[in-house]
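Read left to right, the sequence shown gives residues 124 to 355 (the numbering used here).
Quick caveat, the hints were computed from the structure, so don't treat them as lab data. Check before you lean on any hint, since a few could be wrong.
[Said to hold, decoys possible] Keeping only pairs whose Cα atoms sit at most 35 Å apart, straight-line, the calculated DSBU-like set for lysine-lysine is:
1. K252 / K288
2. K304 / K329
3. K211 / K252
4. K147 / K175
5. K252 / K172
6. K175 / K165
7. K195 / K172
8. K329 / K307
9. K175 / K252
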Amino acid sequence: MEQSSSNSENPSTSVKDKYAERMKKLKELHMKRNEARQLNHKEVVEEDKRNKLPSNWEARRRRAEWILNDEKNREEASKNGEDYERVKLLNIEAAEAEKFERKKKKKNPDQGFADYEQATVRQYNRLVKNMKPDMHDYYRQRERLGEAFYGGTNTILHGLHVDKKENIDKMVDDLEKQISKREKYSRRRTHNDDADIDYINDRNMKFNKKLERFYGQYTTEIKQNLERGTAV
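Given only the sequences and the hints, what does the whole structure look like? Please build it.
This is how it looks when you write it as structure tokens:
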């Protein structure tokens with residue numbers, strides 16, 4: 124009798140164990156599926172964010188990181204009383220160093236400009252070169268803002284950054300210097316009463332001066348013959 128009762132309990136116990144084991148596996152599968160779904164959704168969001176960024180975003184970010192590292196190494200070299208250019212050349216190969224020196228010698232520091240767009244770019248580069256950023260404040264803001272520091276397409280920058288009073292004063296001083304410098308070069312040219320009048324308005328006068336500047340050496344003799352009436 125005891126043996127038969129034990130045999131009757133064993134099948135039910137084994138069924139319960141199998142059921143519990145299957146439910147455990149099913150629960151694990153549900154957890155893995157939810158985890159995969161969350162990771163997939165996160166990856167889709169990140170991919171959408173990357174697609175909305177500018178095409179040169181990664182290059183700009185690497186360039187910004189390189190500038191930060193370069194400024195940091197320059198400060199360390201300055202504190203140690205070392206020449207940063209010499210220290211930087213010690214870490215590159217001789218061929219690259221010679222190539223860098225040749226490029227540096229060929230570079231023209233003042234290439235001039237041909238139109239207002241190039242003049243604007245030239246002024247922008249000059250202003251950026253003269254800027255001395257506060258790197259400690261830069262690192263502090265980058266840690267505080269996180270990804271919003273780089274300003275993506277979906278980032279709302281309003282209210283995240285507050286300009287300091289000294290930075291605003293510095294900007295105002297720089298703008299006043301630009302205005303005073305521009306006034307020196309934009310003064311009205313004096314009119315020469317003895318000059319020949321060969322124009323009908325100011326626009327035509329400027330055009331004739333431009334023609335004279337580019338083609339005057341070729342048309343001087345023709346113009347003199349026309350004035351004397353001896354032109355053929």
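- prompt: Holds or violated: are the alpha carbons of K195 and K172 at most 35 Å from each other?
  reply: Holds - the C-alpha atoms of K172 and K195 are around 30 Å apart, at most 35 Å.
message: What's the verdict on K147 and K175, does the C-alpha distance respect the 35 Å limit or exceed it?
response: Not OK: K147 and K175 at ~42 Å, beyond 35 Å, violated.
query: K252 and K172: Cα distance at most 35 Å?
result: 32 Å, holds
query: Given the hint that K329 pairs with K307, does the C-alpha gap stay at or below 35 Å?
result: 20 Å, holds
query: Under the criterion that the straight-line Cα-Cα distance not exceed 35 Å, is the pair K252, K288 satisfied?
result: 22 Å, holds
task: Starting from K175, check that the Cα of K252 is at most 35 Å away, please.
output: Satisfied, since the Cα-Cα distance of roughly 30 Å is no more than 35 Å.
message: Hinted pair, alpha-carbon criterion (35 Å max): K175, K165. Please report holds or violated.
response: 16 Å, holds
- prompt: Taking only the CA atoms, is the gap from K211 to K252 under or equal to 35 Å?
  reply: With a Cα-Cα distance of about 20 Å, the restraint between K211 and K252 holds, given a limit of 35 Å.
- prompt: Does the structure keep K304 and K329 at a Cα separation of 35 Å or less?
  reply: The hint holds at about 24 Å.
Going through the hint list in order, the structure does not satisfy hint 4, though it satisfies all others.
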